[in-house]
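The sequence shown begins at 1 in my numbering and counts up by one.
Wrong hints could be hidden among the right ones.
Said to hold, decoys possible - DMTMM-like, lysine to aspartate or glutamate: derived pairs with alpha carbons at most 25 Å apart:
1. K199 <-> E224
2. K405 <-> D258
3. K313 <-> E224
4. K266 <-> E404
5. K310 <-> D222
6. K199 <-> D215
7. K276 <-> E12
8. K199 <-> E311
9. K266 <-> D359
10. K323 <-> D359
11. K212 <-> E192
Claimed, not checked - Pair by pair, the computed Cβ-Cβ distance ranges are:
12. V82 <-> Y326: 50 to 60 Å
13. N201 <-> D44: 15 to 25 Å
14. L76 <-> N263: 29 to 39 Å
15. A295 <-> D44: 42 to 52 Å
16. C83 <-> I62: 23 to 33 Å
17. D273 <-> Y195: 52 to 62 Å
18. D44 <-> Y208: 22 to 32 Å
19. G25 <-> I253: 15 to 25 Å
20. N312 <-> G288: 41 to 51 Å
21. D320 <-> N263: 54 to 64 Å
22. V4 <-> L79: 15 to 25 Å
Simulated from the structure, these hints should not be mistaken for lab results.
Backbone N, C-alpha and C fix where the C-beta goes; we use that ideal spot for every residue, glycine too.
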Amino acid sequence: MSAVCSSYYTAEQELVRAFTCPRAGGDERAQFCCGFNDVKYCCDDPNSFFPYEYGYMWWLSIGALVGLSIAAVVLLAFLITVCVLCILFINTKPSRLDSGLPLREPGCEPSPAPSHSAGPQGFHKHFPSSKLHCAEQRGEPERLFQPCFRVTMARVNAEGPSAQARRSAEMKSFLVAVFLLLCGTAVGQRREYIYASQKMNWTSAQSYCREKYMDLATITSDEENQRLVNISVGLNLMNIWIGLNRTKAGVNIWQWSDGEPTNFFKWRLDQPDNWKGTEDCGSFTPVGWNDASCAIVWPFFCFWRVSVVKENKTWGEALDYCKTHYTGLASPVSALQLTLAENIQTQTASIWTGLHFMDGQWLSVSKTPLDSLVSVMPSCPAQRYRCGARNTITRLWENRRCDEKLNFLCY
1 MSAVCSSYYT AEQELVRAFT CPRAGGDERA QFCCGFNDVK YCCDDPNSFF PYEYGYMWWL
61 SIGALVGLSI AAVVLLAFLI TVCVLCILFI NTKPSRLDSG LPLREPGCEP SPAPSHSAGP
121 QGFHKHFPSS KLHCAEQRGE PERLFQPCFR VTMARVNAEG PSAQARRSAE MKSFLVAVFL
181 LLCGTAVGQR REYIYASQKM NWTSAQSYCR EKYMDLATIT SDEENQRLVN ISVGLNLMNI
241 WIGLNRTKAG VNIWQWSDGE PTNFFKWRLD QPDNWKGTED CGSFTPVGWN DASCAIVWPF
301 FCFWRVSVVK ENKTWGEALD YCKTHYTGLA SPVSALQLTL AENIQTQTAS IWTGLHFMDG
361 QWLSVSKTPL DSLVSVMPSC PAQRYRCGAR NTITRLWENR RCDEKLNFLC Y
């Protein structure tokens with residue numbers, strides 16, 4: 001930017017002749033020429049280019065309103081679908097099926113002598129004839145924090161359940177599969193953006209995002225860019241740092257902070273211009289991206305994303321796998337991250353996370369304390385139960401045997 005605003009035509013095709021900043025009678029601090037091809041003005045901030053007085057904000061507001069309305073309709077349709085499926089699920093329970101299976105503690109064996117009785121619809125049920133003798137048995141100290149009972153399945157000779165029960169069971173299985181599919185694809189593994197309102201320079205913002213989330217925001221499509229436009233317009237934001245920076249000062253080759261290939265750009269008109277040769281970092285605005293000096297302090301966008309690996313591995317194997325194929329074993333550290341992780345479809349109810357009991361406290365593998373998030377976890381678990389998992393059904397933290405094989409979260 002310079003102190004001279006060249007001639008231009010307005011949107012009404014009226015010629016405005018060139019003028020120099022500051023203008024006569026104007027603010028002496030307004031020494032820079034700012035604006036667009038069809039409107040130019042003097043300003044006191046070389047990075048200011050979007051004044052509300054020139055009326056450029058109304059169409060963005062309308063666009064955001066339309067986008068939010070469409071999203072609300074889609075969300076409402078999804079919620080209605082889920083409710084209908086849940087109602088059908090509840091109303092299709094198999095009838096007249098015996099559920100009287102005994103419970104026993106691990107290691108407790110019932111008497112082998114069974115007694116036989118005839119059940120309804122041709123079922124012959126075989127139940128233990130003697131009581132379970134578990135009251136005086138001691139459990140292993142290591143299992144004090146684990147569920148203490150499991151179902152002992154009695155032998156059932158099914159000569160043929162009713163057609164109604166079979167259809168009901170099949171319908172239930174189908175609805176469960178559809179419900180899980182809907183929940184899994186509703187969130188999936190898309191990149192989620194977090195707006196950080198505190199102002200930092202680009203390097204400090206990058207460090208903050210890497211510590212709290214994954215990295216400064218990466219944008220790889222029009223859909224992702226539009227989501228940030230909606231956030232920016234809704235919060236009345238202008239310049240926000242994203243993870244874009246030059247590979248080398250002064251060279252017009254750009255890279256994302258997280259290493260994602262730079263195949264998508266949304267530069268504002270006449271950008272990047274590397275004004276004064278110091279603009280090596282990228283910022284986001286609702287009308288396009290801009291290059292700016294990395295030393296400027298602005299708010300910023302971070303992002304977070306996890307991938308569920310649907311392979312059953314021990315905690316240690318999962319840690320090695322994530323380090324080899326991703327960045328590491330994920331440790332959700334916010335309500336948003338937990339929601340995203342819990343709604344991705346998995347093959348096991350519980351999934352390994354980067355949570356581990358070390359040095360007398362529960363930490364992520366990056367040694368970040370997580371006491372506020374895992375207050376329900378035991379304060380001194382047995383050695384074999386010092387690995388942390390998240391149950392996607394109960395949505396609770398669990399300490400489990402580290403040699404147990406589960407799906408796991410990588411980031």
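**Message:** Taking the earlier hints as the rules, which of them does this structure contradict?
**Reply:** Per hint list: 2, 3, 4, 5, 7, 8, 9, 12, 15, 17, 19, 21 and 22 violated.
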